[in-house]
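*Asks:* The primary structure of each chain is shown beneath.
2 protein chains.
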Amino acid sequence: MGQTPITYIRQVIAMVAHPELIESSNLPKDAKDQARQILCGMSGHSAGAYTMSCGVELIRKNVAAYIEKRDGHKCDFNNVCLTTGATTGIKMVLELLCSSIDGKCPAVMVPIPQYPLYSATLVEYGLGQVGYFLDEDNNWGLDMQELERAHAEASKTQAVRAIVVINPGNPTGQVLTRKNIEDVIKFAYKHKMMLLADEVYQHNIYAEGCQFFSFKKVITEMGAPYCKEQELVSFMSISKGYMGECGLRGGWMEIINLDPAVQAHLYKALSAILCPTSLGQAAVDCVAKPPAEGSPSYEQWLAEKTCVLDSLAQRSKIIYETFKNMKGFKCNVVQGAMYAFPRIELSPKAIEAAKKANRPPDVFYAYKLLEETGICVVPGTGFGQKPNTHHFRTTILPQTELLAEMMDIFQKFHKKFTDEFA
Amino acid sequence: MGQTPITYIRQVIAMVAHPELIESSNLPKDAKDQARQILCGMSGHSAGAYTMSCGVELIRKNVAAYIEKRDGHKCDFNNVCLTTGATTGIKMVLELLCSSIDGKCPAVMVPIPQYPLYSATLVEYGLGQVGYFLDEDNNWGLDMQELERAHAEASKTQAVRAIVVINPGNPTGQVLTRKNIEDVIKFAYKHKMMLLADEVYQHNIYAEGCQFFSFKKVITEMGAPYCKEQELVSFMSISKGYMGECGLRGGWMEIINLDPAVQAHLYKALSAILCPTSLGQAAVDCVAKPPAEGSPSYEQWLAEKTCVLDSLAQRSKIIYETFKNMKGFKCNVVQGAMYAFPRIELSPKAIEAAKKANRPPDVFYAYKLLEETGICVVPGTGFGQKPNTHHFRTTILPQTELLAEMMDIFQKFHKKFTDEFA
Chain D
1 MGQTPITYIR
11 QVIAMVAHPE
21 LIESSNLPKD
31 AKDQARQILC
41 GMSGHSAGAY
51 TMSCGVELIR
61 KNVAAYIEKR
71 DGHKCDFNNV
81 CLTTGATTGI
91 KMVLELLCSS
101 IDGKCPAVMV
111 PIPQYPLYSA
121 TLVEYGLGQV
131 GYFLDEDNNW
141 GLDMQELERA
151 HAEASKTQAV
161 RAIVVINPGN
171 PTGQVLTRKN
181 IEDVIKFAYK
191 HKMMLLADEV
201 YQHNIYAEGC
211 QFFSFKKVIT
221 EMGAPYCKEQ
231 ELVSFMSISK
241 GYMGECGLRG
251 GWMEIINLDP
261 AVQAHLYKAL
271 SAILCPTSLG
281 QAAVDCVAKP
291 PAEGSPSYEQ
301 WLAEKTCVLD
311 SLAQRSKIIY
321 ETFKNMKGFK
331 CNVVQGAMYA
341 FPRIELSPKA
351 IEAAKKANRP
361 PDVFYAYKLL
371 EETGICVVPG
381 TGFGQKPNTH
391 HFRTTILPQT
401 ELLAEMMDIF
411 QKFHKKFTDE
421 FA
Chain L
1 MGQTPITYIR
11 QVIAMVAHPE
21 LIESSNLPKD
31 AKDQARQILC
41 GMSGHSAGAY
51 TMSCGVELIR
61 KNVAAYIEKR
71 DGHKCDFNNV
81 CLTTGATTGI
91 KMVLELLCSS
101 IDGKCPAVMV
111 PIPQYPLYSA
121 TLVEYGLGQV
131 GYFLDEDNNW
141 GLDMQELERA
151 HAEASKTQAV
161 RAIVVINPGN
171 PTGQVLTRKN
181 IEDVIKFAYK
191 HKMMLLADEV
201 YQHNIYAEGC
211 QFFSFKKVIT
221 EMGAPYCKEQ
231 ELVSFMSISK
241 GYMGECGLRG
251 GWMEIINLDP
261 AVQAHLYKAL
271 SAILCPTSLG
281 QAAVDCVAKP
291 PAEGSPSYEQ
301 WLAEKTCVLD
311 SLAQRSKIIY
321 ETFKNMKGFK
331 CNVVQGAMYA
341 FPRIELSPKA
351 IEAAKKANRP
361 PDVFYAYKLL
371 EETGICVVPG
381 TGFGQKPNTH
391 HFRTTILPQT
401 ELLAEMMDIF
411 QKFHKKFTDE
421 FA
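Chains as they are written, first to last, in full-length UniProt numbering: chain D, 1 to 422; chain L, 1 to 422.
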């Protein structure tokens, strides 16, 4: 990770972990207040006790307030469930879909390319994977015809029960338009599918004119029947955004329009793994309820947050500009998230060499890059891509100076590679 | 939880969370050193980065050293995998056993009574549950005839692939003898079953003459073929012992004699959930490597640890002595862990009243107790028990004064209950 932690979050966690510091340290007053409040919400006023399986009620309420502010619509904290990172929530919700229907094997629609957690979890739970291709020529948006095609084909033999949308996209870096989200909601409603909205990059929006719309907001504003009937679970994490707190393992999900009996079952199933980590929850609280304007920590918090997000925006531009101008590369604007997923044209000779090396062409390219320069990218094969196209994912996380240097080395490598396999 | 946290653990975690405190605070030098070492082991020297999926290598090595010291035998840190509490590890290992064999449904032997995580997870993964009754008349030990009976019956229709042993016992509070452990190992070996040793209460040993023997130690000392072939996974947690750090979610498992390809698969599957929480791992490090004798924090650490364990030992006696002398109660010595699981005789009239209330007799009793006194115990039904016997689990966690008062109230309730349903 190239991200420096947000000081305020770490101060609060330190005090929740070791409450003596609230008295003995000279940490800021607002951080002390927040640590005290979090401790008050915890059983025995200690991070050492199990919390409720859905998380500390006070923190769930703060998350609900965050969502209300984000969307401009009500959020019931009973529908907010804290998790050990977004992963736990996603896995638990996918597990709900395991039953076959009318003898048909259950299946879930996932984007191609997709974040491999989904494909791995579908295999783990015996769920079918129904890939729908993102539309590379349209900024990796969701194409309704393609969704219908994928659904129709799969429905011949499978019960397609849910659709996963990742927005902003991983590994593709797109930010969906409001219109696109509305279309997806109608599509899910029409086919009676649950909607899983992976919105962990909701703070990571860089490109001009792009705005993050949560599925919850759009569904609410579309009115009936969608706002009352469409099942939706939205996932959030503290590992992304301006926080980058991957190691602390914190996140939440908001559950909309789920059958109450199913939701009760989900909460019961969660209780078997006891509770999300208390200190991860404390970090979630800081994300949901950051320092208020005028409070002692506000200026520093804002400066750090802005610095991280501005720097990511700058890096997203560097990556895009570099790849865009490289021969044989095609790269969409990195509108959000933390990745570029450029397409590379590989010559017949390079493809031939890859075949000899017994590797898919994109894997062959990525290995060459790694071996010759030390730069590590993930081949498109790991995420899925249209047949006979070649991509790789690279993050925008390296620090700006390093990134510029890296892109320079990358360009030289690519030229050499292209010459070698011309 | 009635446990006060160990100061040293919290100091280290606070500094790992907010490294500035290493310079700015007057926390003890040894805690600072340990925090610094942990940070050095973490990517980017920060708790904010994902760690390896099996945990920070430095901490795994410290756990391996802890195990070596505990058992007097070598431990390879590559076989130590840090987890988000013991639960994650247990679930991942059970999931390995999901494949049917020769068309027979896979199944796992679990003690009755048992900790409900096991029954819940077996249902979740479609594994059969093969209950073996613990021998109440023999201090809840494992009876080999009973194990053979359970195995033989189940094997007619199922592929019995593993046996779970909880030592010290939850909810039964026994500490297994070395002889008993040897017998179980021979039994598992004979029937080619993996052994899952839930040893999370290994620090909680109270009764005179009782000693904790890890399955790893016993298997090693039994020599070939057991030490070389018997598959064993042992689980540990920071939620128990003298630490009681339930909310932090930390633990580990040690994997012995697993097929390397299976172990590699397990580690790969773990990578899908990214990593155990970094601050939970920091707490694990403190448990594996507590302050050394002579270091600034040693005296306080030892005093706190001793205080917790002595107090638990005292409470285990209070509970045992009280229940032992109550009419209609039968209670084994609470040798270890944190629970008593007394057996209660319920009169025909009480059983009749329970039937009318549409509740199992033990649940009826527990509800009456809760409603009339506010004391909460878990009915034996929740853990399993021999047909027509009635038990409940109570913890030894309430503080000693509260516990004495509670036992007093309990006695009065029981007398009243007995009179009412005489």
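What the hints contain is simulated information worked out from the structure, not anything from laboratory work.
Even glycine gets a Cβ: it sits at the ideal position worked out from N, Cα and C.
Each hint should be verified, as a subset may be incorrect.
Claimed, not checked - The following label-pair restraints were derived from C-beta to C-beta distances: (1) D:Cys307 x L:Arg36: 52 to 60 Å; (2) D:Glu68 x L:Ala404: 46 to 54 Å; (3) D:Tyr298 x L:Gly126: 46 to 54 Å; (4) D:Cys98 x L:Gln314: 19 to 27 Å; (5) D:Lys192 x L:Asn358: 33 to 41 Å; (6) L:Asn358 x D:Cys98: 27 to 35 Å; (7) D:Ala269 x L:Gly44: 48 to 56 Å; (8) D:Glu68 x L:Ala292: 47 to 55 Å; (9) D:Lys74 x L:Cys376: 33 to 41 Å.
Unchecked claim - Just some of the chain L residues that point at chain D, by a computed CB distance under 7 Å: (10) Arg10; (11) Leu97; (12) Tyr189; (13) Pro260; (14) Ala264; (15) Leu279; (16) Gly382; (17) Gly384; (18) Pro387; (19) Asn388.
*Asks:* To test your reading of the hints: which numbers does this structure violate?
*Replies:* 1, 4, 7, 11, 12, 13, 14, 16, 17, 18, 19
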